[in-house]
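A.B. asks: Listed here are the chains, written in short residue letters.
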Amino acid sequence: MNVPMSWLKQYVDIDVDMKTFEDRMTMSGSKVEAVEETGKEITKVVSGKIIDVQPHPNADKLRIMQVDIKGERTLQIVTAATNVQCGDIVPVSLDGATLADGLKIKSGKLRGEVSEGMFCSVEELGFDEKDIEDAPHNGVYIFPADMPLGVDVKPYFGLGEQVVEYEITSNRPDCFSILGIAREAAATFNKPFKFPEIKVEEIDGDINEFASIQIENEELCPRYAARLIKNVKVGPSPKWLKDRLFSAGLRPINNIVDITNYMLLEFGQPMHAFDYDKLAGHQIIVRNAKEGEKLITLFEEEKTLDSSMLVIADAEKAVAIAGVMGGNNSKVTEETKTILFECANFSGYSIRQTSKKLGLRSDSSIKYTKGLDPNNITLALERAAQLINLTGAGEVVKGTIDVYPRKREEWTIPYDVQWINHFLGTSLSEDEMLELFKRVEFIPHKESQTVTIPTFRPDVTMMADLAEEVARLYGYDRIEPTLERGRPTRGRKKFDQLVCDAIRQFMSMYGVHGALTYTFESPKVFDKLNIAADSALRNPLVITNPLGEDFSIMRTTTLNGILSSLATNYNRRVAEAALYEIGKVYLKQEGKELPAEIKKLTIGLYGKNADFFSLKGMIEALLDHLHIETWEVERQTELDYMHPGRCANLLIDGKEAGFFGEVHPIVTKNYDIGTKVYMAEIDLEALLRGIHRDITFKALPKYPATARDIAMLVGENVLVGELEKIIKVRGGKLLEKLELFDVYQGKQIEAGYKSVAYKLTFRADDHTLTDEEIQKVMKKILSGLEMNCGAKLRDQ
Amino acid sequence: MKEKLEQIKNRALSAIEESGALEVLEELRVQYLGKKGELTGVLRNMKDLSNEERPLIGQLANTVREEIENKLVSKKENLEKAKQNQKLQEEILDITMPGKKLSYGHMHPLEQTLEEVKGIFLGLGYEIVDGREVETAYYNFDALNLGEEHPARDEQDTFYFNSNLVLRTATSPVQVHTMETQELPIRMIAPGRVYRSDEVDATHSPVFHQIEGLVIDKNITFGDLKGVLAEFAKAFFGDRAEVKFRPHYFPFTEPSAEADVSCVMCGGKGCNICKGTGWIEVLGCGMVHPKVLEMAGIDSKVYSGFAFGMGLERLTMLKYSINDLRLFYENDVRFLSQF
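Chains A and B, in that order, are what the protein sequence lines are.
Residue numbering for the first sequence is 1 to 796, as defined by full-length UniProt numbering.
Residue numbering for the second sequence is 1 to 339, as defined by full-length UniProt numbering.
These aren't lab readings, by the way, just hints derived from the structure by calculation.
Be a bit skeptical, because a hint or two may be false.
Derived DSS-like pairs (lysine-lysine); straight-line CA-CA distance at most 25 Å [what the hints assert, rightly or not]:
no.	chain 1	residue 1	chain 2	residue 2
1	B	Lys100	A	Lys608
2	B	Lys101	A	Lys31
3	A	Lys524	A	Lys599
4	A	Lys31	B	Lys275
5	A	Lys493	B	Lys71
6	A	Lys19	B	Lys100
7	B	Lys4	A	Lys19
8	A	Lys494	B	Lys118
9	B	Lys87	A	Lys446
10	A	Lys31	B	Lys244
11	A	Lys40	A	Lys106
12	B	Lys275	A	Lys493
13	B	Lys275	A	Lys40
14	B	Lys101	A	Lys608
15	B	Lys2	B	Lys101
All chains should be modelled from the sequences, with the hints used to inform the complete structure.
C.D. replies: Pasting the structure below:
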């Protein structure tokens, strides 16, 4: 909301400097966003009288003029202007002046003659010719003869105005008007609010004999009032009205439009002018549109309406979409003789729906949407009639039609001084508080401990709202900051939060960077990830109003986020990258409205240190770090986005917890990554479930350990994991550790076989192991390997 | 014999003194003190001495031995020290050469900032609560006093799955869930992702993070809200940070405020970051609206509380002077490893 200071000052006396004004308005709730000065760029342009005119000795088209600017001496100006003559008072830009378009004026010589400035047209002062009624076509502007000399011309043109931009919150529709802001300023500075004096001159007659109004839907139209204007003369507005609109950033159009715009600014009340002669039956009927009813708007756009929308109709047809836009069929033109001036109140919600459905917004629909006070209409309509008088736009017929079936009455709410003080942490007396209420025009009733709230303040309905008024008028900054004295609570992280912290710490230690990626993505991601057509992952939650296809589905796998980030790094020639993210996937749940939001740990790496076993090592170390003891891996060949021979499922306590491995080359290609990528997606819940929280200390070994190496030949397809399972089972509790130290295939090894070598460490915790004991357990292990895996011992 | 001993002593001491290597020293030890050494040789002849002489010579011989031994030890120490010094000289490194690269990862800057914020509130006795991102319209709007007809409901730019299911537009729904399920008193913060229909640019993202806060107890005042948030601001932005509370409007708090912190860049003098105002808007807050309390089943006559919300991206951008929000979601490791 932009409010010119001069306009505001008409309704409230402000005697502080601008900085103080801005600060205090902000602190009482009307936040000042910016202050702009109109015509700020124009400098050093003054009024000057031409007192002598001579021809230019060297140029036929130029003349030399002496100009009186009430300075120490007259100025000499060389001009090509043809519309000025001796005695005219004109705008003169002096040496060093700046004009509206940024042009700088300097003294100099024109064809050998000194020129100390330039005469200005209205364009050079930032206007259109048609903005200024008496502006000559293509010529220097000439002031009226009583214009004082040597003065800054900006005030004459309504420039140099301080326009304050306020941020208005949606609970204060009343502040979307100059009067509303003036009221707030009055409350802020504890000054009287001077409502405009309204007097209307009417001509004889009775509006009721000319027109009738009927409201069919009182719910959506609580009030509809109108005035009739006869002998309308559509034309330009007088200068004072134009200046007002200019100062608020609006361009004048014609007197009727200008008055409606003025009302929109000053009262915040939309008005609409109908050409009375175009209203069939001279009737106004406020009704719902018929399904499919059509209307061509003022801007000659055809709109198809539905029955939820409210229209203004005459006896035959719709003539306006209520509160949104007038119809072409009833609009005011230069030929209009009589106007029916509408001033109405409509349901903000209904206007908002209509405006949204039709894709049609207007200054009035924006105002109505905020929810206006129907009681504002009484004075607004009178003010509009007064403006008709003042502008000479027509004659106001006696009387008003005012249909107001749903009157909004003032309401009264209780106050409790102690409660308010307690709520705010203040200690105001009752009288101090009531004084604050009066400043915002609430009427206190001490005997009943209540206040009556004016109807333009729908935001105040309960005691907490009164507390807000007290707080903001007393001053938020004057309320003492305190620390709560309530019962203590425990500030601590929950188990899952601590585990996430531990994972992040671990990842940092391991050289993996934390990433965050978008949780919605494009449905094209499924193809990019080579996900099977029948995969459940292809059934995401779909956003009905996305920002575009790229952000239209909630992810069902986290792979795309990290893969895309790796691709970004790869394409920017980052040699190696390792990223992880703890983030959610969103899965539909059968029979439930809400989806499951499941947290995943996703890891992705490429570069010279990235391979399957470095990723596996990282996962093993992570599981160890988290004290997850019971886990195993199994081959995973079914995932279409992973390399079928280099992917593993992770099982924790026998249950699937995720997968890891090399990304399928088709997928890396789809992401334009020219190297191998390794990824893991692990379910956070599964990690949490696998953590054994109670760690019991184990005594450090007292007796020495004995190591034995074994090397064996097994079929090349035998998994090392199978061998280890057997070694562990057979080794029993004496086997402390087993380390794979060699896997070899090739020369000296029979085709179809591989050599596998382990170092086994044995130890007992109560005695030093004897050779016999170790022989015995080794024998058990070896026979187990032979029986189950066909292992042949090498060189022993 | 006495002279012989003196002689041996003098020769030994000067030989030791002149020796320049540990090996030579060992030879000297053997030469003089060894089983077949000179001193031992002299002592072997002790038996020929008279009973009177024997103890005297014996004593002298021991003194000589001690002196030679001491000399050997001290010389040895000197030589070792010299050898050590020489070795140290030889081992001088160019310590300006680079260290061996150890790679380590960096936590995402948003998560680092969040950790800092969490730490501050944990210290004040707040719990950390997680919340869901896909919400029903009830929790995202109605329970926060944004009824169907509320004009603010339009301004939220909400993503919908259907008329009743949305991506939460703020972390505020967590307030309601917490009030509905948790015992009083409540002190919590709820960080998380929120979604709004904003096109991606340097200062907007359709996905971003908020940190919600909520306190409910008896006797909670607006002054407490000011006090706690001023504490937070000082803890996060530094002790010199000033906080200003301005009236504002949120449907779910009354009274509501926006809090500005004195500009971290210019200290309040006015600069580009604060657009010349000296203040930076960092959070929204207010006393929990009695209607919101009542809807969540809390008696607003007995309990009161305050709530606040702040943008994690904004805090982080201020903290590190980051000028483009998109960097947070690109995950370029050259960006991530700066924090």
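A.B. asks: Evaluate each hint against the coordinates.
C.D. replies: Each hint tested on the structure:
{"no.": "1", "hint": "B:Lys100 x A:Lys608", "verdict": "holds (17 Å)"}
{"no.": "2", "hint": "B:Lys101 x A:Lys31", "verdict": "violated (54 Å)"}
{"no.": "3", "hint": "A:Lys524 x A:Lys599", "verdict": "holds (23 Å)"}
{"no.": "4", "hint": "A:Lys31 x B:Lys275", "verdict": "holds (15 Å)"}
{"no.": "5", "hint": "A:Lys493 x B:Lys71", "verdict": "violated (68 Å)"}
{"no.": "6", "hint": "A:Lys19 x B:Lys100", "verdict": "violated (59 Å)"}
{"no.": "7", "hint": "B:Lys4 x A:Lys19", "verdict": "violated (110 Å)"}
{"no.": "8", "hint": "A:Lys494 x B:Lys118", "verdict": "holds (12 Å)"}
{"no.": "9", "hint": "B:Lys87 x A:Lys446", "verdict": "violated (97 Å)"}
{"no.": "10", "hint": "A:Lys31 x B:Lys244", "verdict": "holds (13 Å)"}
{"no.": "11", "hint": "A:Lys40 x A:Lys106", "verdict": "holds (19 Å)"}
{"no.": "12", "hint": "B:Lys275 x A:Lys493", "verdict": "violated (38 Å)"}
{"no.": "13", "hint": "B:Lys275 x A:Lys40", "verdict": "holds (19 Å)"}
{"no.": "14", "hint": "B:Lys101 x A:Lys608", "verdict": "holds (15 Å)"}
{"no.": "15", "hint": "B:Lys2 x B:Lys101", "verdict": "violated (69 Å)"}
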